[in-house]
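Okay, here's what each chain looks like letter by letter:
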Amino acid sequence: MHISEGVLSGQVLFSGMVLAAAGTAIGLKRIDYDRIPHTAILSASFFVASLIHVPIGPSSVHLILNGIVGLLLGWGAFPAILVALTLQALLFQFGGITTLGVNTMTMALPAVLCYYLFGSMVHKRNSIALFGSFACGAFSVFLGAIMVGLALVFTEENFFQVSTLLVISHLPVMVIEGIITAFCVTFLKKVQPAMLPGFHE
Amino acid sequence: MRYHSHMERHDCIIDTLIVLFFAFFFLVSPDPASAHKAIIFAWIDGDTIYTESKFSGGRKVKGGEVIVYNLDGNQLLKGKTNDKGEFSFKVPKKTGMKIVLLAGMGHRGEWTIPLEEIQAVSAGETGTATSKEADVEKSEKQARTAPKSGVSPDEIQMAVENALDKKLKPIMKMLAESREHSPSITEILGGIGYILGLMGIGAYFNYRRKSAGEKHDNADASKK
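Protein chains in written order, with this note's numbering: chain A, 45 to 245; chain B, 121 to 344.
To be clear, the hints were calculated from the coordinates, so they are not data collected in a lab. Glycine residues also receive a C-beta, built at the ideal position from the N, C-alpha and C atoms. Accuracy of the hints is not assured; some may be wrong.
[Claimed, not checked] Computed Cβ-Cβ distance ranges for the label pairs, DEER-style:
(1) B:T232 with A:S171: 52 to 62 Å
(2) A:Y160 with B:L309: 46 to 56 Å
(3) A:A238 with B:M292: 51 to 61 Å
[What the hints assert, rightly or not] Chain B residues, not near chain A, derived (Cβ > 12 Å throughout):
(4) K213
(5) E281
(6) K287
(7) I291
(8) M292
(9) M319
(10) D340
[Said to hold, decoys possible] Some chain A residues judged to face chain B by a derived CB distance under 8 Å, without partners named:
(11) Y77
(12) I80
(13) S87
One chain only, chain B, in its complex shape (with noise of 0.2 Å):
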């Protein structure tokens, strides 16, 4: 379809008001920063591993099928999530995870638990001592604080250790839910301008084609 010059004023114009229209739609959305994606957080708390999982749009998944596998790909178990988008289970083994997330309709989320964020915790669980050097220190140190006190170092350290977790909590689950972020306006604005870009590539071979058309012609012209 050829348009006259006049027209394709006139074009420009149309487009301009397109572009403005579906930028102010995009604009007075109340919640532009949300889409079609499930997500699943996980953290651990003790010999527990905590889930939860949500779609991009802040809806929870409900009834989602979580599947837990090791980094070797073999699946360990296997659980739904409840209304809350929520799902727990005792962590099965020592080893590192990756849960995944099926949310129906061809949604999938995925999150890895390393084995030394398991292993880490898990040592905090059994206290530090590991070797018997360690015992031996810690022995000798309870035999000279523990009169003093009344209470062992042993019990102090299992009080801080429930305090923390129950503090960290909400901090672990802020900072699990912090890495996952939702489109920033710069990536927008990006992915729109790789658009005009390649519009822009397009309009370049567009002109030399017409201008080589225009040579062409104007030799065939001359011609006659």
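Isolated chain A (complex conformation) (with noise of 0.2 Å):
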């Protein structure tokens, strides 16, 4: 879900830009020193889940995970999709640099918004935690498909036209990506639940 360049507006380009600087610092403020690594190794699942290319449905997708980041880093995932985004820009070519600021608001707000949706459900009961874990994989990508069509809304007529072709052609994307922060939530409350948001001992 990586908007090129040359694409979008100026005024698009750079409301964007404007919003992720402001998302990232937050982001920046309130990590946690310790928590660096975490901030890394995730941003660094990220950059490469890109790559990992999901060969059903209409058109060409890949894996996004924003859903895992946002759910173990709150607002740090501003500055960790940032740095990953930046780099899958200059070293893949996917995105671009101008369009920088609005493909980090598209990806990141999502996974902010269901940090804060779906994070205190993960220390809940079992079922609980998985139908949120779960959810929080899916509809992090719903979200960012969204997200997408509204930075389109300028150039490309029909916002719910291009909305629904994102969002149809995601539907693989969205499962796996449930699946897989499901899987790790199972995983992280058995033997580290202090990775999780919201913990306390």
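Join these two chains into a complex; the hints should help.
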């Protein structure tokens, strides 16, 4: 779901950059120094995830993993995703430097939203935790598709058409990421619950 | 959130496990070197420009919009790719061209054909004889060779050019395609390296902050 260079208008690019900068500033402020390794590892996972191509569905899509990044990092998802997207743009030519702000917003904002929506569910009963983490993984991809649709409103006239297309083509990715997130949460709950959000000893 | 030292060790193990998990995922995926990016290739054959569009995963772009601009940014013509992702058009003008692909959902690809390429091909088309001197030379040559072989050099030239065009077409296409490469393992590992480097910088500042804090604590304790 990278938006390429030269598609969006100047205003959209600029507002994307401003918002992404604000989000990154909040994120950097909120990251505990001791959690920098977590941020880096999730950033690396996000960076590599876009290379995993999902050959199902009508369009060409790849894993995004913004759900698990958001769930484990909260606002820290902004700097993590910004760094990963910068490297993807420089090394793989996915997206672009000018669209970095917009792309960061479309991926990181859903991540943070899902952190607030589902973060508290992971410490509840197993079935609730499982549902919450699956929903977190799937819903963040869904929101990402909606965000890309919003960003394209000013260039591709029909918002509903573009968003529907994006959501449909990302259905398999949603399912896969839901499963991955559920798997990670169950695993972390057993071995290292302190990594999950809102953990109190 | 503060951790005890045994928790930190535990953390390391978990982190390693997560990385291994993703590394495994990445290695077993059948088509790791593909992702979401739209690419358009164009090559000239005679007076026609052929283009082929695809996503970097190898999927063809069906019904993508192709817009041809000259190098000043004025639109020359516009069309849609067919089911094979192809779109071809006659050279509209002898000018450099920028061919833009809009594949929808924010995907855009670009290919530039410089003026020299178009000139080179059109020169080949009309024959090498462009100046009067060359014409004279040519007619002299023709006079010398024509009676012997029965085939005029012009005809030979045409035949050779046609054959070359036909034989070179797949090679042109291959060359055009090979200009676009998918992410290599070096780039992937390089990117991960950068992230780990940033983490190192963070850890360094964390260490400085912590040791400064400890000194401060010690000073406080000695005062008491």
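Taking the hints in turn, this is what the structure says about them:
no. : hint                           : in the structure
1   : B:T232 with A:S171: 52 to 62 Å : holds (57 Å)
2   : A:Y160 with B:L309: 46 to 56 Å : violated (34 Å)
3   : A:A238 with B:M292: 51 to 61 Å : holds (59 Å)
4   : K213                           : holds (23 Å)
5   : E281                           : holds (36 Å)
6   : K287                           : holds (32 Å)
7   : I291                           : holds (25 Å)
8   : M292                           : holds (23 Å)
9   : M319                           : violated (3 Å)
10  : D340                           : holds (21 Å)
11  : Y77                            : holds (4 Å)
12  : I80                            : holds (4 Å)
13  : S87                            : holds (5 Å)
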